[in-house]
Amino acid sequence: MTRTIVALATAGVLVAHDASAQEAPIPRVEVGGVVSAIVPFVSDGANVMIGGGPKLTVNIWRGIGIEVEADVVGPTESSGIYGLYLVQVKAPITRSGNGARGFSVTAGVAGAASYHRFDESRTPRPDGSVLVQPGYRRFRADSPNTLVFGIARDYVVDRLVSSTWGVQVLGGGIGIIGVRAYVGLTLGAGSYR
Amino acid sequence: MNAAVPALLAAAMLGVLGCEGPTRPEPIVIPGPSVPSPLPTAAPYVWDTRVELAIWVNNVVARGEASIEGGDGADAYIRLPRVDQEWQLRGPDLSPIATGVRTLRIRYRLFPEPALSPTAVRKVAATALFESPGTLRPWYTGQPAAHADLEPSAEWVERSFTPGQYAPPIDVSYCYLRSNGGNRGVLEIDWLELVQ
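Chains as they are written, first to last, in the numbering used here: chain R, 1 to 193; chain V, 1001 to 1196.
Quick caveat, the hints were computed from the structure, so don't treat them as lab data.
No residue lacks a Cβ here, since even glycine has one placed at the ideal position from N, Cα and C.
Accuracy of the hints is not assured; some may be wrong.
Cβ-Cβ distance ranges computed for the label pairs, FRET-style [as the list claims (entries may be wrong)]:
(1) V/V1157 - R/S143: 52 to 60 Å
(2) R/P134 - V/H1147: 24 to 32 Å
(3) R/P134 - V/R1107: 35 to 43 Å
(4) R/G171 - V/Q1196: 56 to 64 Å
(5) R/R137 - V/T1119: 46 to 54 Å
(6) V/V1121 - R/G135: 37 to 45 Å
(7) R/G128 - V/T1023: 25 to 33 Å
(8) V/T1099 - R/Y115: 40 to 48 Å
(9) R/G128 - V/P1025: 22 to 30 Å
(10) V/P1114 - R/G128: 29 to 37 Å
(11) R/V130 - V/D1072: 35 to 43 Å
(12) R/Y136 - V/V1195: 35 to 43 Å
(13) V/E1065 - R/Y115: 49 to 57 Å
Please take these sequences and the hints and turn them into a complete structure.
Right under this line is the structure:
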């Protein structure tokens, strides 16, 4: 997995280097949000889950960035809030006509997360005593055991706003192979133009 | 190229990620009615005489129709004439707590109703429950339970209850014996004993 990420990152670096002559400014930090649709292919078919959540991008060098996303997804068959977190490297492979942004390849890892809230429960016992289970909240984040590869496209909308869409393939630890598509907007801490 | 190093480090760090928030808190118990013992409670934990058996029958926790029959000594026994209904016998609070308890054993006889059809179930399914400090489990009622199917018998027979979800030995502050009822019949219990 690490080797793959290194290879993709290296490829991105080289492409980015070639394109550097016509580079437009890229903010060091971008904050935004995405809306996503996830289609996990499981044994009994494919069900579409809708998700959404925040996204943070730190652009490190010549358009290569690290993206962190957290999607809340649903619907699910049980109570609680389920999510998917994702950390990936994004490396540009093309630039748009004005040199701003273009297509990128992404590679990273993802994991599942969940949040449950349990109310206090009281169970009367035959001897007249009562068993009290105090309420509690539980957050769980699985290890990032799912590989994510994809392609993304960014458009500069405004001096401070950029839009993005992408398609990814997920596979591995969460027991499924799936496809995730997303669209979103980001605000740059700095100028896109 | 050096700038890519933090990215790879971040990805590597994720390999050890994976966490879980606060775990389920320990359950607590609001005690039920107490059943004080008029007699000292010490090993061996055997209830055989009329006075001793009466502790199990005459308290606010006991349910169902039950009486003490026989003499005042060891020939006394508990009579449950309606085992088709729910019944419950509550033992005394043990002070100090009985340690090293494995299960409950009783000596009983069971007379099914003669008018029952030949195919009717004649046994009585009974459960012994133990209040056992420190053995709470986050499922069901949290009380260790042992079970026995009491087969019909016109003669006195001894029967030990089979431990359920608990691993004996356990400490016990009191024990109670109950059944949700079954078919009609009369159950008589000569003595009860906590097996250590």
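These are the hints, each one checked on the structure:
1. V/V1157 - R/S143: 52 to 60 Å: holds, 57 Å
2. R/P134 - V/H1147: 24 to 32 Å: Taking Cβ atoms as reference, R/P134 and V/H1147 lie about 29 Å apart, which means the hint holds.
3. R/P134 - V/R1107: 35 to 43 Å: holds, 42 Å
4. R/G171 - V/Q1196: 56 to 64 Å: Holds, since R/G171 and V/Q1196 (Cβ atoms, about 57 Å apart) stay within the stated range.
5. R/R137 - V/T1119: 46 to 54 Å: With a Cβ separation near 53 Å, R/R137 and V/T1119 satisfy 46 to 54 Å, so the hint holds.
6. V/V1121 - R/G135: 37 to 45 Å: For V/V1121 and R/G135 the Cβ distance comes to about 41 Å; the hint holds.
7. R/G128 - V/T1023: 25 to 33 Å: Once the Cβ atoms are compared, 29 Å apart, the range 25 to 33 Å for V/T1023 and R/G128 holds.
8. V/T1099 - R/Y115: 40 to 48 Å: holds, 42 Å
9. R/G128 - V/P1025: 22 to 30 Å: For V/P1025 against R/G128, whose Cβ atoms are near 23 Å apart, the range 22 to 30 Å holds.
10. V/P1114 - R/G128: 29 to 37 Å: holds, 36 Å
11. R/V130 - V/D1072: 35 to 43 Å: Since R/V130 and V/D1072 have Cβ atoms about 37 Å apart, the given range 35 to 43 Å holds.
12. R/Y136 - V/V1195: 35 to 43 Å: Roughly 37 Å apart at Cβ, these two residues keep to the hinted range, so it holds.
13. V/E1065 - R/Y115: 49 to 57 Å: For V/E1065 and R/Y115 the Cβ distance comes to about 51 Å; the hint holds.
Hint compliance for this structure: every hint is met.
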